[in-house]
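4 protein chains.
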Amino acid sequence: MKIAFIGLGNMGGAMAHNLLKAGQEVYGFDLSEKALQAFQAAGGLVAESPQAAAQHADVVITMLPAAKHVREVYLGENGVLEVLKAGSLCIDSSTIDPKTIQDLAHVAQDKGIQMCDAPVSGGTIGAQAGTLTFMVGADQTTFDRAQPILAYMGKNTVHCGQVGAGQIAKICNNLILGISMAAVAEGMALGAKLGIDAQALAGVVNTSSGRCWSSEICNPWPGISPNAPASRDYHDGFANQLMLKDLGLAVEAAGQVQQPVLLGGLVQQLYQQMCLQGKNQLDFSSVIQQYLPQNN
Amino acid sequence: MKIAFIGLGNMGGAMAHNLLKAGQEVYGFDLSEKALQAFQAAGGLVAESPQAAAQHADVVITMLPAAKHVREVYLGENGVLEVLKAGSLCIDSSTIDPKTIQDLAHVAQDKGIQMCDAPVSGGTIGAQAGTLTFMVGADQTTFDRAQPILAYMGKNTVHCGQVGAGQIAKICNNLILGISMAAVAEGMALGAKLGIDAQALAGVVNTSSGRCWSSEICNPWPGISPNAPASRDYHDGFANQLMLKDLGLAVEAAGQVQQPVLLGGLVQQLYQQMCLQGKNQLDFSSVIQQYLPQNN
Amino acid sequence: MKIAFIGLGNMGGAMAHNLLKAGQEVYGFDLSEKALQAFQAAGGLVAESPQAAAQHADVVITMLPAAKHVREVYLGENGVLEVLKAGSLCIDSSTIDPKTIQDLAHVAQDKGIQMCDAPVSGGTIGAQAGTLTFMVGADQTTFDRAQPILAYMGKNTVHCGQVGAGQIAKICNNLILGISMAAVAEGMALGAKLGIDAQALAGVVNTSSGRCWSSEICNPWPGISPNAPASRDYHDGFANQLMLKDLGLAVEAAGQVQQPVLLGGLVQQLYQQMCLQGKNQLDFSSVIQQYLPQNN
Amino acid sequence: MKIAFIGLGNMGGAMAHNLLKAGQEVYGFDLSEKALQAFQAAGGLVAESPQAAAQHADVVITMLPAAKHVREVYLGENGVLEVLKAGSLCIDSSTIDPKTIQDLAHVAQDKGIQMCDAPVSGGTIGAQAGTLTFMVGADQTTFDRAQPILAYMGKNTVHCGQVGAGQIAKICNNLILGISMAAVAEGMALGAKLGIDAQALAGVVNTSSGRCWSSEICNPWPGISPNAPASRDYHDGFANQLMLKDLGLAVEAAGQVQQPVLLGGLVQQLYQQMCLQGKNQLDFSSVIQQYLPQNN
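In order, the protein sequences belong to chains A, B, C and D. Heads up: the first sequence is residues 1 to 296, going by our numbering. Heads up: the second sequence is residues 1 to 296, going by our numbering. Heads up: the third sequence is residues 1 to 296, going by our numbering. Heads up: the fourth sequence is residues 1 to 296, going by our numbering.
Source of the hints: derived by calculation from the structure; they are not laboratory data.
Identical copies go unnamed one by one, so any copy, or any two together, can satisfy a pair.
In silico lysine-lysine, PhoX-like type, Cα no more than 25 angstroms apart, as pairs: (1) K68 <-> K193; (2) K34 <-> K21; (3) K245 <-> K193; (4) K193 <-> K99; (5) K245 <-> K99.
Isolated chain A, as found in the complex:
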């Protein structure tokens, strides 16, 4: 099996590295020379274009910033789908709107090519450690074929439904995540202002009906979750700008199907406000700063 890997950034580079460690033959492409050098140093075969990488491959994996790049790589001038043989498999691990991948899968299907979406959770740390979770949208046959490949790069592979379902699961999860983080931020800041000890409040919430991942694992109040970004000045976490991107995808996808997301629409703007204040790179739990007098 030969694999083409398009997009060797922080996430994609680490994922491709794990494929190489597993002994796979991987042809890689990225616009960044530096990314290509790191890939080559790890044993990867550098290609001159996405199409060139794909010409060698049975399987194409893409890990790209946004829908327009995904569409360009597969369908644009010198696109990958032009050269892939029938029977090939495409796995897109980018986080994009579900409609784009559904449209692409439709084109691929007409050429006898299998395509699935497999966005990830776990961040760069999970990508490096090979402990990512993949949320996969695919028919059963495609899923069964993709699963062992994804297993080189991650720990869990969840079959969410037909193509697009991986993206849907991811954006819905992150919509809930963004809102519940803001909820915890609001509740913790209110409690502290009212005079309860933050640790005591977290203790109650985490054994009660307010408990959530954002209160237990990634509490936005410094010191509550010792390993959380809040306990290291909100560094090295899931950046506000990435949360903003995912909320944007959720709101956009909601608009495409005429579905209201009242809180989502508001929380997207809260994260926009964070980014306007220059906090793009801080962990998204730093949204608690919108509720504190020292807006630093």
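Using the hints provided, position chains B, C and D relative to the given structure of chain A.
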């Protein structure tokens, strides 16, 4: 030990019942004749007024609808604090704003009376089964004295901090709860509209960063949590009007200390909208109906 | 005619001054010694308590910070309603919730005393210049009696309906005002960021369907409305903390009648955020700073 | 002068009609056969494609549903810019995001073609009557050339700034409009619930600081503005789905420049909720129904 119990409604009546079952001598008062009869039938001693009940008692427990009733019972004309002996203990289990109980405790302290707030979670089912959780605000001495009494009526007694801290913990928890329930409603409705199977989506969320009590235990989408109100037409749960009341307390308390609660302010209005539509008695997970085309 | 004036602060002091200039006999009371001295210097007769002032009077005017003060002055220990003769007239110009004044008017009516609410718009400048607008809630007889007295202190007297209607009109107007100011702030900041000249944008809005008092008279973008607070660093305007108070009244009154105010609930929190950032005294058009990168 | 008119729908058809009435030679194209027939009946010359229409023309006017259609018509396969002579003028009256028209104008400029955006306000009634207002983004030379042509179709032509500024002005105005309409709806519904006469409340608001186009000209409470859609069951107005589209453009444009629009984000979702409930075609003042118990 003799106990006065003021407020024998759905919650208070069941709690007093558990005290009687534990062999305590309880003097009860309520404005409802029917509540008094049920209390008497269970072995309670009916008093003609809050003050009359308190005259017999070392310990007073109150379980009342709102702050104004609590203030009236303790401090109003013929109030309980007028007749209680120094060394008595007052436990208020009503859900009210923290400031009211702090003010009352201050007055009580001047008379040598101990007072604590001990709002509950667990609902009428927990009250009947004696499995309530009490969130207690008190100094250590008062907490140690109240704890064994509360143990007759509940399973857990959490010491949240000084007087008022129980109320603070409760309203902050329920603030987070109300928002995260709306978040899950929004995410589930969006996912379903986008075409993912609701069960599959819940599966992803509940093993990922979107998981929360509202997604795991009380999912608003029918059939996901088999024992949740959503799976029985939103009946027999935590009523929208109670969530509205608690969000109102959170927003009011936030206003008293000049603390913004952006999502709280919005979600309070969402629950107000539910009640305007006549859904006061439905479980608060029915907020998902604001996101469905059939607004039934 | 003898008038008692309770509450001689920035607003009330200036209003009482205008009554004195018109040759009225005014008995005044305030907790502040300084306020009383200024009142006396202007020819006012200082009373030792609200009740003492009222004992001399046919007409009582109150201008107080909040509902609790109004209730205390009229109905508290040594309250004004205890000593007023049947046939007296009470005018409350405080900005409070409608229910409080309706309750008080009910008590007054039983004693044969006429009562009306007459909250103002126009600020301290209008109070000094005698150009206030009064929004009056009263039956026709009471209105006809109050009108000439109010005319000493203001330019317009609008009969809004039965008692309470003045307060209702004021809080509904200010609810719309607070939201539309935030709307204009949002639109102006967006336009500027997108690259249109702010003056050109204001020109379009003010001749189109987006025009409102906040865009025309009090535009939040500096320099658009030359005489507006935005053009003098947001000083000497309608303070954020007063807008916050009025939005609080609107949201509270909405809660009393179970009426949702989605945007109101959110905008109240936005103003709360402004106050948390220490901007209590700035004009409420400074809400535009929530939309600018330099949050100064 | 020969004019190509692409997009002969409700708006474009009426605009082209006014050009024909003014004696212009107009080549038209639309995908709808019916639209073409009406155009021909009015004296228009039917073209077989946008490009065919443009081949005859010195001036191209486009009036299309969304950015993708505009981009397709000008830049797609057989696009208009391929065949236009240097020195031609393109006027896009569609309502789209500013970035798209700025990008197109850049391409056009390289070919020596002038391009401007000129979105309209005034609706189908204004289009028919020739009383539209055009908000034009263009350099001075282009504006001067477009102005007399636009004068055949409208009453006012406002020069808003460089290319894109017309779109910016329109979406910022409509952002303010959507929010202030919801504000008036909220205030009117609250006032009515609190017991004030709606006409009296509108009277106060319209002579006070809450006044806006939505309260004066298009009040959402039936009967206040006799000629407004609210007084005819919300028919024949500015449809909810169009307000939703414009709010979507504003939020999208805001996202492109990282500008928060907190209220805009929320109000977009409110209009989405209206459309979910099947009210797409009602006037946008029908948003007041979200605040009324009978959600009909």
